[in-house]
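Protein chains in written order, with the numbering used here: chain G, 80 to 403; chain C, 80 to 403; chain Y, 80 to 403; chain U, 80 to 403; chain R, 80 to 403; chain X, 80 to 403.
Misleading hints may appear alongside valid ones.
[Claimed, not checked] One side of the interface only, derived from the structure: several residues of chain R facing chain Y at Cβ under 7 Å:
hint	residue
1	137
2	138
3	164
4	173
5	354
6	357
[Unchecked claim] Examples of chain G residues toward chain C, derived with CB under 7 Å:
hint	residue
7	178
8	279
9	280
Rather than coming from a laboratory, the hints here were simulated on the basis of the structure.
Heads up, the beta-carbon is just placed ideally off N, CA and C, and yes, glycines get one too.
6 protein chains.
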Amino acid sequence: MAKSKQKPIPPISGTKVPRFAGPSTFARLPELRDVPGCDVAVLGIPFDAGTSYRPGARFGPQAIRQASRHLRTQFHPAYDTEPFTTLQAADAGDVTCNPFSIQEAIGQIETAATELLSEVNAIVSLGGDHTIALPLLRAVNHHFGQVALVHFDAHLDTWDTYFGAPYTHGTPFRRAAEEKLFRDDASMHVGIRGPLYSRQDLVDDRELGFKVVHCDEFEAEGVDAVVARIRERVGNHPMYLSIDIDVLDPAHAPGTGTPEAAGMTSRELFNVLRGLAGLRLVSADIVEVAPAYDHAELTSLAGATLAFEIINMLVRSPEIARKR
Amino acid sequence: MAKSKQKPIPPISGTKVPRFAGPSTFARLPELRDVPGCDVAVLGIPFDAGTSYRPGARFGPQAIRQASRHLRTQFHPAYDTEPFTTLQAADAGDVTCNPFSIQEAIGQIETAATELLSEVNAIVSLGGDHTIALPLLRAVNHHFGQVALVHFDAHLDTWDTYFGAPYTHGTPFRRAAEEKLFRDDASMHVGIRGPLYSRQDLVDDRELGFKVVHCDEFEAEGVDAVVARIRERVGNHPMYLSIDIDVLDPAHAPGTGTPEAAGMTSRELFNVLRGLAGLRLVSADIVEVAPAYDHAELTSLAGATLAFEIINMLVRSPEIARKR
Amino acid sequence: MAKSKQKPIPPISGTKVPRFAGPSTFARLPELRDVPGCDVAVLGIPFDAGTSYRPGARFGPQAIRQASRHLRTQFHPAYDTEPFTTLQAADAGDVTCNPFSIQEAIGQIETAATELLSEVNAIVSLGGDHTIALPLLRAVNHHFGQVALVHFDAHLDTWDTYFGAPYTHGTPFRRAAEEKLFRDDASMHVGIRGPLYSRQDLVDDRELGFKVVHCDEFEAEGVDAVVARIRERVGNHPMYLSIDIDVLDPAHAPGTGTPEAAGMTSRELFNVLRGLAGLRLVSADIVEVAPAYDHAELTSLAGATLAFEIINMLVRSPEIARKR
Amino acid sequence: MAKSKQKPIPPISGTKVPRFAGPSTFARLPELRDVPGCDVAVLGIPFDAGTSYRPGARFGPQAIRQASRHLRTQFHPAYDTEPFTTLQAADAGDVTCNPFSIQEAIGQIETAATELLSEVNAIVSLGGDHTIALPLLRAVNHHFGQVALVHFDAHLDTWDTYFGAPYTHGTPFRRAAEEKLFRDDASMHVGIRGPLYSRQDLVDDRELGFKVVHCDEFEAEGVDAVVARIRERVGNHPMYLSIDIDVLDPAHAPGTGTPEAAGMTSRELFNVLRGLAGLRLVSADIVEVAPAYDHAELTSLAGATLAFEIINMLVRSPEIARKR
Amino acid sequence: MAKSKQKPIPPISGTKVPRFAGPSTFARLPELRDVPGCDVAVLGIPFDAGTSYRPGARFGPQAIRQASRHLRTQFHPAYDTEPFTTLQAADAGDVTCNPFSIQEAIGQIETAATELLSEVNAIVSLGGDHTIALPLLRAVNHHFGQVALVHFDAHLDTWDTYFGAPYTHGTPFRRAAEEKLFRDDASMHVGIRGPLYSRQDLVDDRELGFKVVHCDEFEAEGVDAVVARIRERVGNHPMYLSIDIDVLDPAHAPGTGTPEAAGMTSRELFNVLRGLAGLRLVSADIVEVAPAYDHAELTSLAGATLAFEIINMLVRSPEIARKR
Amino acid sequence: MAKSKQKPIPPISGTKVPRFAGPSTFARLPELRDVPGCDVAVLGIPFDAGTSYRPGARFGPQAIRQASRHLRTQFHPAYDTEPFTTLQAADAGDVTCNPFSIQEAIGQIETAATELLSEVNAIVSLGGDHTIALPLLRAVNHHFGQVALVHFDAHLDTWDTYFGAPYTHGTPFRRAAEEKLFRDDASMHVGIRGPLYSRQDLVDDRELGFKVVHCDEFEAEGVDAVVARIRERVGNHPMYLSIDIDVLDPAHAPGTGTPEAAGMTSRELFNVLRGLAGLRLVSADIVEVAPAYDHAELTSLAGATLAFEIINMLVRSPEIARKR
């Protein structure tokens with residue numbers, strides 16, 4: 080879809096319709112079918128059959144949309160953006176994924192995302208477990224070639240198989256590396272912490288093309304140093320963000336499948352993202368929000384706010400700006 | 080809107096799209112704007128400024144819609160109905176109500192419901208606190224004249240004022256009686272229990288035109304006897320149902336503003352409703368679902384199932400059948 | 080204290096001060112120090128060191144008082160009473176009990192209750208775990224002699240010792256029987272269910288002077304038959320009620336220390352109590368509300384409503400009426 | 080394994096080790112490896128990849144074992160049994176199931192259960208979602224031939240496929256019928272309620288060999304009438320019980336994947352089971368306990384108590400008594 | 080009321096009465112009516128009709144008082160104070176506010192606070208939603224003239240109207256500025272973060288007389304730098320603190336109406352307050368604690384601890400010390 | 080028990096048995112009875128009768144074990160250790176403690192721990208309330224002489240008595256000092272914060288031999304400075320760690336008995352521990368996890384991860400390495 084030349088259709092305003100009323104789309108944006116052209120689509124991917132411990136991320140997209148009612152979206156001072164008057168965003172609904180077949184679901188996601196990227200300039204995907212990053216990277220690779228993958232997570236997610244299963248929420252980036260979907264000279268994990276399955280894990284991971292920002296580095300060096308490292312590594316390549324909500328400390332994101340103590344605060348995470356503004360972000364996903372373990376929308380609100388931060392990053396992305 | 084002569088557009092099927100995915104409308108029905116004509120509209124009324132104790136029913140419509148994903152809706156054996164192939168139902172979205180002005184909100188609801196009843200044959204309203212029953216009865220009265228009001232509730236809701244306020248969730252039926260919106264020879268409270276503000280309460284209530292089925296009568300006489308009493312009282316008049324979820328025992332509906340111990344089971348309530356099938360039901364409301372006090376969707380699922388029961392009653396209502 | 084000849088000081092009215100505001104006394108009654116004479120005192124006993132499984136009943140009195148804000152207390156149609164204009168009720172605060180010494184706490188409770196019964200005509204005690212029934216029975220025995228004990232509970236609570244400890248929440252009625260605090264020809268357990276520590280349990284229990292109404296009898300025979308059995312057994316003796324909240328089904332009272340499936344509904348329990356109106360009730364306790372396991376005040380509201388039911392029973396008790 | 084001729088090794092006593100301490104086996108029974116022979120094994124099957132809505136039954140076995148600490152197990156007055164001195168029971172641990180392959184998991188369960196039934200006389204399986212009933216029925220069929228299947232559930236679970244998947248928690252009894260694992264002249268569903276996918280559902284179900292006790296029959300006819308119907312249908316055939324915890328009302332079992340309003344109380348369910356004592360019960364499963372949606376162990380305690388009821392039924396089963 | 084020359088009556092000691100027992104006043108302080116004179120009154124203002132999203136702050140005062148039982152209050156090392164032997168503090172109960180009329184409630188609060196400030200030297204108000212800051216500032220202005228307003232919040236709360244309503248929890252400081260209740264050369268917002276309704280918001284806000292400490296400055300500059308900025312801005316003016324609990328990160332204060340990710344830790348907030356010790360604090364409020372969304376008293380404990388911190392600041396305030 | 084010369088038996092691998100299945104031991108380690116020799120034993124001490132406010136730590140050991148299923152344990156990069164192939168660890172089950180006699184329970188714990196330390200080289204104890212630190216220190220003192228005690232806690236726990244009780248969770252280190260169980264020249268409290276019972280508290284505490292790292296020092300000086308202070312104080316003495324989970328901020332550990340705002344993050348705590356690697360750690364306890372107040376395993380996961388961190392510290396401890 081060629082981008083719309085018209086003035087974007089904005090979300091329903093919270094000053095006209097109370098935020099607890101009105102449409103259940105992300106940030107009360109219009110549905111994709113209701114806009115003449117779309118720059119950024121928010122896409123739900125309710126799939127969690129790849130989960131190794133606490134399941135329930137299938138309810139993530141709904142919970143994040145519900146929490147997104149909290150957002151005031153007109154002006155973001157940290158990015159100096161008015162995103163929804165600058166570009167057209169819309170909610171593209173949910174991908175239909177077979178909950179009983181990981182393989183079929185991966186195919187459904189890849190197809191849906193690839194087709195959607197023919198219509199829109201960027202996707203912000205709401206998971207769903209981390210398995211979905213693989214088909215999303217395939218779709219992104221199809222449209223943008225190899226990307227710099229910046230992966231926020233407590234865990235590497237580059238393991239080989241679980242119980243013989245090659246496609247799970249612990250293995251997407253191993254598969255993606257094998258399929259050469261991302262650049263091995265420009266990709267990073269950020270927020271990694273905790274013990275591993277083997278001393279070999281970090282070695283293998285490095286060979287797949289990742290550098291690691293360990294979570295403790297935030298304690299030791301602060302946000303700015305981390306931002307500088309990421310910017311240097313990513314450079315001018317098209318960048319894809321994959322954010323596992325468990326990169327946040329369980330205090331900030333209890334509603335997830337494999338929480339890991341000693342994580343990032345949401346303030347640190349948002350400040351890192353803001354530090355990456357201006358890079359060539361092309362699309363992103365936010366995964367592993369499992370509402371059954373959430374409390375008072377803590378985790379889903381973090382997810383919703385992250386999605387909105389990313390939309391503001393997209394406003395500032397040269398890649399997206401060029402196509403507007 | 081003249082009713083559609085076309086085959087109704089059904090909800091999204093749970094065998095094609097997982098129930099945790101897809102649209103957030105009630106029972107995943109089409110939106111009102113997407114159907115050529117509509118028999119029954121589900122209408123959210125997210126308003127709770129009339130609440131005297133635990134607020135939060137403003138989040139009721141969303142929570143009931145979310146819980147309605149649980150429903151299998153093709154065939155209801157208790158009514159022997161296939162509701163969504165028999166009539167066209169649709170989700171009419173939410174009424175925009177001013178949360179800071181009870182009076183203005185009542186006007187907004189009355190207007191919205193009156194207009195909607197010009198388009199559709201019946202409304203199932205999802206509250207919101209019980210204040211909303213007043214403007215809904217006004218709208219119903221406008222279209223159907225005086226109705227037999229069957230009111231399921233732990234409380235009479237015929238008090239005069241609270242702190243001088245005439246319009247609250249404890250007073251709608253006093254105001255409605257003053258406005259002569261319902262028949263004083265055919266109306267009932269069902270499920271009343273617990274202590275009262277005064278010995279006079281029951282006297283006053285009787286003078287407003289109500290008979291009472293006390294909740295203990297279910298224990299003593301059983302469902303069938305109660306059904307018979309209601310049917311006899313209502314007779315062949317057009318009937319409006321107003322169901323405060325707190326008619327259920329707190330064990331069945333913890334998520335409400337003024338729970339009252341020793342209530343009905345959901346099985347009793349559903350059986351009463353089924354016993355009323357065939358009466359001239361014209362519209363209904365389900366109110367006082369306050370999700371912040373709910374657990375595991377217990378209350379919102381009860382609310383969603385009630386809404387679906389009522390839709391099946393509407394299929395069996397001569398009033399609605401006649402207009403299909 | 081001679082009972083007051085004055086018009087009773089009533090609770091704060093919910094029509095003048097919102098129920099979520101104002102004093103934290105039971106039902107917003109006056110404090111004991113603020114009334115010139117008192118018929119019925121509500122007494123908190125925050126003690127739970129006798130608990131064998133889930134502790135936390137120490138927070139019971141506060142939680143019940145908080146939930147009692149829900150109550151409308153002017154007129155109770157089931158008893159045809161206006162309790163707080165008929166007798167003077169007041170909140171006597173909490174007994175100070177040593178949480179680290181069961182023996183010392185029992186002494187403190189006995190002393191406090193005995194003294195209080197010199198001032199007032201009846202006590203409704205809010206536990207606390209069931210250990211407190213022993214010192215309360217001592218105090219009642221001191222003032223009223225041997226009482227007919229009607230004990231609502233899932234469990235017999237007539238075991239001998241746990242880990243050598245004679246005073247626990249599983250043993251109060253064994254000790255009370257040894258001390259001959261209640262009549263062995265007029266006492267009953269109601270609501271007993273579930274497996275036992277030994278086949279001998281029921282034999283021993285019978286020898287202590289109890290008859291048993293098993294919980295299943297409500298399913299099989301209904302409330303009225305049970306009421307008749309209790310009334311016959313109690314006769315014209317002064318009656319003491321000890322109500323373990325776990326007599327209710329866990330669906331109705333999750334917030335308790337040793338829940339037992341397949342229990343009574345609150346409607347059944349209230350109807351039994353109403354059936355006992357007119358008997359010579361002299362005092363009562365409600366125990367084992369453990370708020371940490373409660374949800375949405377389900378259990379504490381049941382406790383508060385029970386306390387209010389009992390106050391109405393006291394209005395109807397010849398024993399108390401005589402002294403007013 | 081030949082049954083032990085020795086005196087059974089009982090569970091740890093709650094009078095010697097506090098129930099909140101000690102082993103995490105079911106009811107603090109010995110592990111299977113620690114008994115010389117075993118009559119009844121409790122087997123965990125932590126599998127939930129066949130779930131269509133709220134997942135999480137993979138945590139069911141652990142939660143039920145934890146809740147089983149509540150049980151007093153020496154003497155059950157309703158069955159007049161001292162189960163753990165009459166037969167040897169033990170906890171057989173968990174079956175290892177592949178969470179990423181339904182087919183492989185079904186094979187693993189079938190193998191494990193078939194082997195275990197060579198060692199022990201009966202299995203009480205703790206799910207897991209209802210998918211597991213299929214391999215369990217295969218194993219039971221292998222040892223006992225076609226059984227009378229008595230299936231307690233809100234739902235029929237005889238649907239054909241979901242999204243093309245033949246093996247899910249909604250389809251086990253269709254597959255079992257195709258494989259002729261149960262008798263089509265002696266099987267029943269009990270507790271069915273709610274709407275269906277199609278008018279054809281009940282027809283199809285009947286052709287597979289089921290009679291239905293609808294949940295409303297408990298309201299209308301009472302427990303005894305239902306018990307009589309089941310006993311007549313089952314007759315003297317070996318009987319297998321499959322109990323989906325959602326047969327209970329959501330108020331009694333919120334912690335499950337597809338709750339359905341208007342269900343059975345736990346008191347009704349236990350009384351039905353007690354009514355079936357003396358039939359030739361050979362094994363049983365309890366499925367769909369999803370702890371993430373539970374509160375205060377309500378659901379897992381119901382599950383644990385059910386398992387203990389079933390063990391008492393097994394003591395009374397001629398089939399098991401014969402082999403002791 | 081002239082301040083008492085007597086030795087202050089202290090709270091009930093936790094070494095004499097267990098903290099889970101005894102009066103429900105703030106920190107178990109005496110009631111105002113029980114002290115001969117009072118320096119600092121704690122005042123509950125249970126009002127939330129001005130809430131735009133999640134309501135429930137009407138239960139804030141009770142929840143904060145309940146959580147205040149946790150406090151040990153004899154000696155505060157960070158302030159080097161023994162507050163309750165230095166000044167007389169007391170609990171003044173709750174203001175009665177009409178929940179159905181924002182305007183009437185504002186008048187009731189203004190009157191109550193103005194009268195109370197004639198009796199006592201300072202008030203620590205417990206909200207309630209942020210609407211209450213307006214009448215509190217009016218009362219403070221009446222007694223102290225224009226104050227330096229230091230406002231801790233995630234949000235500016237200087238918006239003009241919502242749905243035409245001028246008095247809501249998002250507008251108090253706009254109204255207060257119009258009424259010139261605070262100094263426009265000495266006031267600040269601290270902890271502001273997140274997106275805004277418009278680019279104009281910050282401009283308007285500045286014109287009303289505020290400087291802003293953005294929440295990210297804590298990450299970048301640390302607590303001491305922020306303290307220095309506030310001290311410089313406030314100078315020697317009488318200071319009023321208004322603390323919206325949502326200034327804390329949702330991880331620290333989930334129980335609030337409009338949580339905003341990426342907030343302050345409670346450690347940062349307390350350290351800022353301690354840094355302000357010695358300034359001329361005259362009164363303060365703590366608002367927006369909404370217990371229905373809280374967990375394990377996390378938010379209400381933060382509120383209670385804040386209130387106690389403020390009382391210690393008042394001990395150190397020259398303004399209050401002078402009047403003691 | 081002489082340490083095993085054999086290759087250690089490791090935990091069940093999460094790649095072979097899903098982490099939600101299999102044994103309920105800590106980290107799915109073997110039981111003590113199943114290993115030929117043991118270096119480090121994990122010991123549950125389910126005792127909470129010494130609790131002054133919110134009870135429930137009796138359920139701590141089970142909850143921590145359950146949360147320990149989350150752990151991946153093969154390789155810990157922060158310690159560069161493969162703990163379970165380096166030393167033999169095992170789960171020693173629970174100490175049986177009398178819940179009704181603090182004195183008897185203390186004796187039972189002392190005996191059990193002393194005997195266990197004859198068999199194994201170190202114990203990681205899982206509480207239970209902090210009372211248990213006294214008997215554990217006695218046992219450690221018996222085997223290792225006076226230790227350097229490093230105590231992480233929000234509170235000093237060196238008070239004298241509560242209600243006359245000398246042995247409670249607020250007094251263990253006063254008693255331990257009196258019994259000279261730890262070195263008065265090498266011991267510290269870390270994380271202390273909040274108000275105190277008296278100005279004298281800190282003086283008394285100092286005289287007992289403690290230095291204090293106040294929690295605010297983490298804000299002001301950072302982790303490294305604190306680590307340096309502890310290392311200098313402890314020196315080369317055998318070190319015992321006693322960690323009250325309430326040293327963490329309530330946001331990180333809501334599930335505890337006496338939460339205190341403004342605490343440490345889990346990241347800070349883990350980094351301090353890692354900074355202490357290489358010191359002569361001999362044993363440790365983790366206490367005050369009270370699951371009834373936890374959410375989504377936040378607190379129990381922190382406890383489980385702490386226990387695993389400590390096991391890694393023990394691998395690095397010269398004291399333990401020497402004995403391997």
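How the hints compare with the structure:
1. 137: At 5 Å from the nearest chain Y Cβ, residue 137(R) passes the 7 Å test, so the hint holds.
2. 138: At about 6 Å, which falls below the 7 Å cut-off, the nearest Cβ of chain Y leaves the hint on residue 138(R) intact, so it holds.
3. 164: Constraint on residue 164(R) not satisfied, violated at 22 Å.
4. 173: Status holds, d = 4 Å.
5. 354: Result: violated, 35 Å to nearest chain Y Cβ.
6. 357: violated, 35 Å
7. 178: Holds, about 5 Å.
8. 279: This interface hint is violated because 37 Å lies over the 7 Å limit.
9. 280: violated, 33 Å
The structure fails to meet hints 3, 5, 6, 8 and 9 from the earlier list, while all remaining hints are met.
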